[in-house]
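There are 6 protein chains.
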Amino acid sequence: MRKIAISRKESFNAAHRLHCDSLSLEENINLFGKCNNPNYHGHNYTLIVTLIGVPDLVTGLLLDIRKLSEIIKAEVVERLDHKNLNLDVPEFKNLNPSAENMAFVIYDILRKAIEPQFDLKIRLYETENNFVDYPYL
Amino acid sequence: MRKIAISRKESFNAAHRLHCDSLSLEENINLFGKCNNPNYHGHNYTLIVTLIGVPDLVTGLLLDIRKLSEIIKAEVVERLDHKNLNLDVPEFKNLNPSAENMAFVIYDILRKAIEPQFDLKIRLYETENNFVDYPYL
Amino acid sequence: MRKIAISRKESFNAAHRLHCDSLSLEENINLFGKCNNPNYHGHNYTLIVTLIGVPDLVTGLLLDIRKLSEIIKAEVVERLDHKNLNLDVPEFKNLNPSAENMAFVIYDILRKAIEPQFDLKIRLYETENNFVDYPYL
Amino acid sequence: MRKIAISRKESFNAAHRLHCDSLSLEENINLFGKCNNPNYHGHNYTLIVTLIGVPDLVTGLLLDIRKLSEIIKAEVVERLDHKNLNLDVPEFKNLNPSAENMAFVIYDILRKAIEPQFDLKIRLYETENNFVDYPYL
Amino acid sequence: MRKIAISRKESFNAAHRLHCDSLSLEENINLFGKCNNPNYHGHNYTLIVTLIGVPDLVTGLLLDIRKLSEIIKAEVVERLDHKNLNLDVPEFKNLNPSAENMAFVIYDILRKAIEPQFDLKIRLYETENNFVDYPYL
Amino acid sequence: MRKIAISRKESFNAAHRLHCDSLSLEENINLFGKCNNPNYHGHNYTLIVTLIGVPDLVTGLLLDIRKLSEIIKAEVVERLDHKNLNLDVPEFKNLNPSAENMAFVIYDILRKAIEPQFDLKIRLYETENNFVDYPYL
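Protein chains in written order, with our numbering: chain A, 2 to 138; chain B, 2 to 138; chain C, 2 to 138; chain D, 2 to 138; chain E, 2 to 138; chain F, 2 to 138.
It is worth saying that the hints were derived from the structure and are not from the lab.
One should not assume that every hint holds.
A pair holds if it fits inside one copy or across any two, identical chains being indistinguishable in the list.
Stated by the list, open to error - Here are the simulated lysine-lysine pairs, PhoX-like style, with alpha carbons at most 25 Å apart:
{"#": "1", "residue 1": "122", "residue 2": "10"}
{"#": "2", "residue 1": "94", "residue 2": "4"}
{"#": "3", "residue 1": "113", "residue 2": "68"}
{"#": "4", "residue 1": "74", "residue 2": "35"}
{"#": "5", "residue 1": "4", "residue 2": "122"}
{"#": "6", "residue 1": "10", "residue 2": "68"}
{"#": "7", "residue 1": "74", "residue 2": "10"}
{"#": "8", "residue 1": "35", "residue 2": "10"}
{"#": "9", "residue 1": "68", "residue 2": "35"}
{"#": "10", "residue 1": "113", "residue 2": "4"}
{"#": "11", "residue 1": "35", "residue 2": "94"}
{"#": "12", "residue 1": "74", "residue 2": "122"}
{"#": "13", "residue 1": "113", "residue 2": "10"}
{"#": "14", "residue 1": "68", "residue 2": "4"}
Could you put together the complete structure from these sequences and hints?
Below, the structure is given as C-alpha cells:
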C-alpha cells in the first residue's frame, strides 16, 4: 500500500499581457514593464501534472499515463493552446494571467477532472528559466 | 548540522511489456493497449537517486557523488541495462514492469545498498514526458 | 527564391536486438556485446526530419509543419512505435536494426511520402548520446 | 588558416498570428487553422546564430562570443522580444510571420550587422519540436 | 490566500578544487581523487532559486521574476561567476567548495537578500548529472 | 554503398583562463575581460564527435558506438577532464585555450586516432549557449 507520484508533461502556446484593470496605465507599466505591451507577447508553456496515490495492486498502475495525458489535453490544452489568454479565456477576463494565477486556474480545472482519491500538483514553465509550483511542496 | 539532499542521474536501456498474468488477454489489451505488445517495446530509462542527510563536517560531502554513481551502476544499471525486464529480471517474473512497480523495485534494491543514516528518494523517467517519484514527496 | 530547411521532431519507443543471421552466435556476441541480448532491449528513439526547398511566396510556408508531423506519424511512428523492430517490422526481418540501418529504412519510407521538390534529411537519436544523420551533410 | 564555426544561442518571447492579407478569411483558416486565431498566440523563440571564418592567429578567437551575444541582443532581441510580430514589427506588416519568413528577416538584419568576412547561418526554434535553418546547409 | 512557489534559473562558470586544509595531502587525494587537482578544474553551475509565499492579490505576482533574477545576479552570480572559488571567494578560504557547502553559502547569502515573508529553497547543479537541494524538501 | 554520419556525445570538466603571453596585461584584460581572471574559471565541456563513412554491409555498423566512445574517452577525456587547460595540458602551454583552439587541438588528436576511411567532425560546447564546429560544415 505504498503511495507514489506519477507525472505527465504537456505543452501549449499562448499569447498574453500582464495587466490589471484596477491599476492605472502608469502603474501597469511600472509593475510589468515590457510584459504589459498592449499588443501582447507569448510563450511556449510547459505543464507537468503530478498525481499522488496508491497504485492498483493488480495492474501496478496509479493511473494509465495515456489517460492522464488525455485529461490534460481535454481540460487544459484544448482551452489554452493557440489562445490569447486575456481575450479568449474567460478565467482571465478579470484576472491578470501571471504564471501564478495561471497555476491556480489550471489546478482548479484539473482538480475537478481528477478523481478525488489522487492528490494533485502542477508545475508550469513560462520559459525554460521561470516556473511555478502549486501546491508549493 | 544542516540536512541537505544530493542527487545523481544515471540511465539504462531496457525492453518490457505491460502484462498481468492474472488477467485475460482481452483485459490486458484493454488495459495496456500497444504497451501490451507480446513482442515487447523499450525505453531509455533515466534514474535520479537522491540521498538526504547531514554532510561530514570535515569534508563537506554528504557522500562522494562518484561513490553514489558506483552504487547505482552496481545495484541498478548492472541488473536492468540492456535487459528484457519481463524475461531477464527476476523481480518482474510475476510483477507487471510498470514505471510504478519499477520504482518500488529499484527503491528496495537501493535502500539495502545505501547506509541507513541517509533518507532515500528516486525519480524514474520512462520517457521525457512520463516519470514517477517514490517516495512521493 | 531562397531555399530554407524546416525540421520536425517526433519520437517512438521500440525494442530491438543487434544480431546478424549470417554470423555465428559467438561472432554476434563479440560484435554486439550486451546489445545482442536474445531477449531484446529497447530505446526511446527521437527522429528529426528536415525538408529543404523554396517556401511558397504567398503563405511563406515551405510545408505546414503540422502536415509534416502527420506524415512522420503516419509513415514512421505508426510502423515503429511500441514495436519489436526485429520481429514486428518487415524491413528488419533480414536486416540488423542498427541506428545506421534504421536511418536508411526511415529515409526510404519518407522519401516516397515527401513530394520530390523537397530535399530530405533525417537525424535519429538512439539515446541522448548516440545519433546518426542521413544523408551525412 | 583553418575555418571554424562559432555559435551563440539567445531567446525571445513574442506573439504572432499566421495570416495573409491577400487571402480570404476562409483560405486563411483552411491554411493556418488555430495558428490563424485573430487574437494571436505566442512562442518562446530560440535563435542560434553561427559565424564561419578564420580565427585571429594571436587571440585564437573568431569573434568574442560576448560581442556576438551583444549584436544578437541589439539587432534581434531588442526588436522582437515581448512584441506582437504582426503589429509591432514593421517587417511583418505585410509579411506572414511564419518561422520561414522570420528566418529570412532575422538573417537580413544580422547580415548587415555582421562583418562581411564572416559567413552567417541561423537556426530558429519556434518550439522545441519545430525549427528552421537558413541558409539550409 | 493560496501559497505558491516561483523559481528562477541562473548560471555561472567557476573553477574550484576539492581540498581540506585540515587533512594531509594523501588523505585529500584519497578522498577527492582527480577533484583534488592542485591546478583546479571547473564547472558550468546552474542555480535554481525558489521562493514560496502568497501572491499579491492585485498583481497576481509573488515577486516579479525579473526582480528575483536581478537579486540572484547581484548577490550570487556577481560573486561567483568566472571566479576561482578557493582563491577568489572569501567564504571558501577555509571551507571546501563542495556542492553541499556551496549550497549552504549561496542559501545564506540569498536568505539575507530575500524578504523574510518568503520561504526560500535552492537547487545547485554542478553538472547535468549531479545536483544538491537545500533545504532538502 | 550509402554514406552516413554517426555521432557520440561525451563530456569533461576543466579550468582555463583566456590569455595570450604575446600581449600585455592590459591588452589581455581588454580582450578577454573576466575570462582573463589570473586564478582561472571553468566549464563543463560537452563534445560531440561525428564520423562519416559507409557502414559495413554485414553488421550494418559504421563503427561500434561503444568503440567510438572508448576512443574519445582515451584520447580526449583522459587528457582534459578535471585539468587546468593552461597548466596541465601541453598543447595549451603557448596556445590560448579558446573554444576555437580547443576544437583544433581535439580534432588533431582524434584525427590521428580515427581510421582514415572516416571523415571526422567535432562540435564543442563551452556552455549550453556557446559552441564551435570544426570543420565548419
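So, going through the hints one by one against the coordinates:
Taking CA atoms no more than 25 Å apart as the test, residue 122 paired with residue 10 passes in both settings, with 12 Å inside one copy and 21 Å between copies. For a Cα distance limit of 25 Å, the shortest separation of residue 94 from residue 4 across copies, 23 Å, qualifies, whereas the shortest one inside one copy, 38 Å, does not. Proximity of residue 113 to residue 68 under the C-alpha cut-off of 25 Å is restricted to the intra-copy arrangement: shortest distance 15 Å within a copy versus 34 Å between copies. In this assembly of identical chains, the alpha carbons of residue 74 and residue 35 lie at most 25 Å apart only when taken from different copies (15 Å versus 30 Å within one copy).
In the homo-oligomer, the alpha carbons of residue 4 and residue 122 lie at most 25 Å apart both inside one protomer (14 Å) and across protomers (13 Å), since each shortest distance falls under that limit. Both within a single protomer and between protomers do residue 10 and residue 68 lie at most 25 Å apart by alpha-carbon distance, with minima of 13 Å and 23 Å respectively. Taking identical chains as interchangeable, the C-alpha atoms of residue 74 and residue 10 lie at most 25 Å apart whether they share a chain (10 Å) or sit on different chains (20 Å). In this assembly of identical chains, residue 35 and residue 10 lie within 25 Å of each other by CA distance solely across copies; the values are 20 Å between and 29 Å within a copy.
In this homomeric assembly, residue 68 and residue 35 come within 25 Å of each other (Cα to Cα) only across copies, at 14 Å, whereas the closest approach inside a single copy is 39 Å. Taking the shortest Cα distances, residue 113 and residue 4 sit within 25 Å of each other both inside one copy (21 Å) and across copies (20 Å). Taking identical chains as interchangeable, the C-alpha atoms of residue 35 and residue 94 lie at most 25 Å apart whether they share a chain (20 Å) or sit on different chains (21 Å). When the C-alpha separation of residue 74 and residue 122 is checked against a cutoff of 25 Å, the pair qualifies only within one copy, where the shortest distance is 16 Å, while the shortest distance between copies is 29 Å.
Proximity of residue 113 to residue 10 under the C-alpha cut-off of 25 Å is restricted to the intra-copy arrangement: shortest distance 19 Å within a copy versus 32 Å between copies. For a Cα distance limit of 25 Å, the shortest separation of residue 68 from residue 4 inside one copy, 19 Å, qualifies, whereas the shortest one across copies, 29 Å, does not.
Of the numbered hints stated above, none is contradicted by the structure.
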